[in-house]
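Residue strings, one per chain:
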Amino acid sequence: MQSDRLIAFDNVSKFYGEVLGVNRVTLSIAPGVTSLVGPNGAGKTTLMNLMTGVLHPTKGTIRVLDVPSSDPEKFYRNIGYCSQFDAFPKGLSGYHMIHSMMMLHGFNRREAEERTWKVMERVGMTDAAHRRVAGYSKGMRQRIRLALALAHEPKVLILDEPLNGLDPMARAEVIELFRQFADSGMHVIISSHIMHEVDIVSDSVIMLSGGYVVAEGDIQGVRHEMEEHPIQILIRCDRPAVVASSVFQQDSVVEVRIHTDGHGLLVSTRNPDQFYELLNRIILQHRIAVESVAPADENVNAVYQYLVGSNGAAPL
Amino acid sequence: MAVYKRTYTRYAGPLTDERFRFAILPRYALQSVFGTRFYTGAFVLALVPHLIAMVIIYLRSNVDALATLGIDIRPLQFLSIDGNFFGTLYVVETFISFFLVALLGPGLVSPDLANNAMPLYLSRPFSRAEYVVGKLSVLVIVTSLITWVPGLLLFGLQTALAGLSWSWDNLRLLGGILVGSWLWILTISLIALALSAWIKWRPVAAAALFGVFFVSAGFGAVTNVMLITRWGTLLNLPSAMRMIWRWLFLNETQYRITTPPWGTIPAWTGLLPLLVVCGLALLLLSWKIRPVQVVR
Numbered sequence: 001m002q003s004d005r006l007i008a009f010d011n012v013s014k015f016y017g018e019v020l021g022v023n024r025v026t027l028s029i030a031p032g033v034t035s036l037v038g039p040n041g042a043g044k045t046t047l048m049n050l051m052t053g054v055l056h057p058t059k060g061t062i063r064v065l066d067v068p069s070s071d072p073e074k075f076y077r078n079i080g081y082c083s084q085f086d087a088f089p090k091g092l093s094g095y096h097m098i099h100s101m102m103m104l105h106g107f108n109r110r111e112a113e114e115r116t117w118k119v120m121e122r123v124g125m126t127d128a129a130h131r132r133v134a135g136y137s138k139g140m141r142q143r144i145r146l147a148l149a150l151a152h153e154p155k156v157l158i159l160d161e162p163l164n165g166l167d168p169m170a171r172a173e174v175i176e177l178f179r180q181f182a183d184s185g186m187h188v189i190i191s192s193h194i195m196h197e198v199d200i201v202s203d204s205v206i207m208l209s210g211g212y213v214v215a216e217g218d219i220q221g222v223r224h225e226m227e228e229h230p231i232q233i234l235i236r237c238d239r240p241a242v243v244a245s246s247v248f249q250q251d252s253v254v255e256v257r258i259h260t261d262g263h264g265l266l267v268s269t270r271n272p273d274q275f276y277e278l279l280n281r282i283i284l285q286h287r288i289a290v291e292s293v294a295p296a297d298e299n300v301n302a303v304y305q306y307l308v309g310s311n312g313a314a315p316l
Numbered sequence: 317m318a319v320y321k322r323t324y325t326r327y328a329g330p331l332t333d334e335r336f337r338f339a340i341l342p343r344y345a346l347q348s349v350f351g352t353r354f355y356t357g358a359f360v361l362a363l364v365p366h367l368i369a370m371v372i373i374y375l376r377s378n379v380d381a382l383a384t385l386g387i388d389i390r391p392l393q394f395l396s397i398d399g400n401f402f403g404t405l406y407v408v409e410t411f412i413s414f415f416l417v418a419l420l421g422p423g424l425v426s427p428d429l430a431n432n433a434m435p436l437y438l439s440r441p442f443s444r445a446e447y448v449v450g451k452l453s454v455l456v457i458v459t460s461l462i463t464w465v466p467g468l469l470l471f472g473l474q475t476a477l478a479g480l481s482w483s484w485d486n487l488r489l490l491g492g493i494l495v496g497s498w499l500w501i502l503t504i505s506l507i508a509l510a511l512s513a514w515i516k517w518r519p520v521a522a523a524a525l526f527g528v529f530f531v532s533a534g535f536g537a538v539t540n541v542m543l544i545t546r547w548g549t550l551l552n553l554p555s556a557m558r559m560i561w562r563w564l565f566l567n568e569t570q571y572r573i574t575t576p577p578w579g580t581i582p583a584w585t586g587l588l589p590l591l592v593v594c595g596l597a598l599l600l601l602s603w604k605i606r607p608v609q610v611v612r
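Note that the protein sequences, when read in sequence, are chains C and B. This note's numbering applies: residue 1 is where the first sequence begins, and numbers increase by one. This note's numbering applies: residue 317 is where the second sequence begins, and numbers increase by one.
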């Protein structure tokens, strides 16, 4: 892919004195939704701050759509950043907040006004536009943060914990918004602790632990490369015992567990493609009524647990 | 179609000049300052010395005309509009502008730091230096309006009433008004910003500003007495500024110390403490104004 469409980290390290932020990160992030996953202190926010140019790497280079942060006018036109903190100067209304930030981007007063109203409408904050930010609820502040990141129409959206504080309806709307942005060719980089939402929204993930990138790519791809952990497949059907006895024909199947309710089984296999072929044959041969077949551990949470351990603190 | 092949179009219109974007910060800050009666009242009070000076200049030039109306203000004829007149006015304004900065300054940077707002400003085409210049300009604009701007108006008024020859003879006053005012404005504004950046609680920051001003005066006097030296005067910021005013308005190259140990010191040395304080304030600001606060 062309470098002007990538966010490229080349051997980037960031140290805060003697404390490690991130170490030897080499990444190329393509358009789409990319999630940064890791526990507190893994380096997610440092990586985001490096991407947004608010931190400079101790070592290595970062280029966002082929522009270095040393060219701020061009660099920040491409980037919309939403920090995880309640970062609002005191006393301003939501409208004034966004309007002034648009003027910092170089839009004239009229253009800034138009953009402010447009983005206020987009995040559903038009009615509360002239209320002071200090009086907003947590969800409203989150929306304003999102509006601040979006208003200048960046190509790269970097959002630190953007779903925090939003109610389920608002979360669904925001996730839908992310998908729209990604589908239009933008980069949407998000960090989140809520793994199932990361699963729903992400095209790819970057997994961090202790300042190191432990895995990156689309989650299925990452999962399939983990050969030491057989893939678990959950089958819901009417006669799990028949299926269980038949799947052991295959050497790659290492474990089968029948559910206590008698309507399902969990198969662990080292070769899922071969297993699916065999399962088709078994179903046809024994006329099994199948309700569902789905991978049980092809998700961010499971992959992260396999890679880093349950507490998420051990480096690879 | 692959995602990366899709196109995304953005605003391609003209942008404002990036050199003047710092002016966005004072615009909103000044709106909120002059939106309150308290600050507006303080600002008007700060103009009083200049208004009095303006009335004196006007009356002094119209003594005869007013006498025909039965208003006898002939004693004013003995007051000359010269370096002494402007020197006295600006020593008074030194204190008044300081009080105004003490009211406004502490609330400029600390709320942004307390609310983690720095990434908000600095993740845009806006640098740390522009942020400091933007915040500084709030104080510079307000204090300019009570120092050199009305000073120039006074100079203009006196020129209009006394003629161009007065202006030519007193050109030094014009330079004094501009150079002295800017020196003082920058010094107190930078100290106020630095204290605002380091002290989150506004009343404490204001108290610290008074401390810098008055404690330095006391410390300077004590140093002079204890060490039997005249150089302790340089630790006293108001005295240092007074030295500069007298140098600029009266061309006094030696400053006479009127307390023990008596003597003189060169007037230009008054610049040193102001420059050192400005440098220290900039250093403190550069340590504190950062896009992210790093907890070590």
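In short, the hints are calculated from the structure, not lab data. All C-beta atoms in this analysis are idealised placements derived from N, C-alpha and C, irrespective of residue type, glycine included. Warning: the hint list may mix true and false statements.
Some chain C residues flagged as far from chain B (calculated, every beta-carbon gap over 12 Å) [to be verified]: (1) 63; (2) 77; (3) 82; (4) 216; (5) 246; (6) 278.
Derived DSS-like pairs: lysine-lysine, alpha-carbon spacing no greater than 27 Å straight-line [what the hints assert, rightly or not]: (7) C/59 <-> B/604; (8) B/516 <-> C/90; (9) B/516 <-> C/138; (10) B/604 <-> C/90.
Of all the hints numbered above, which does this structure not satisfy? Sort the numbers upward. Numbers 2 and 3, in rising order.
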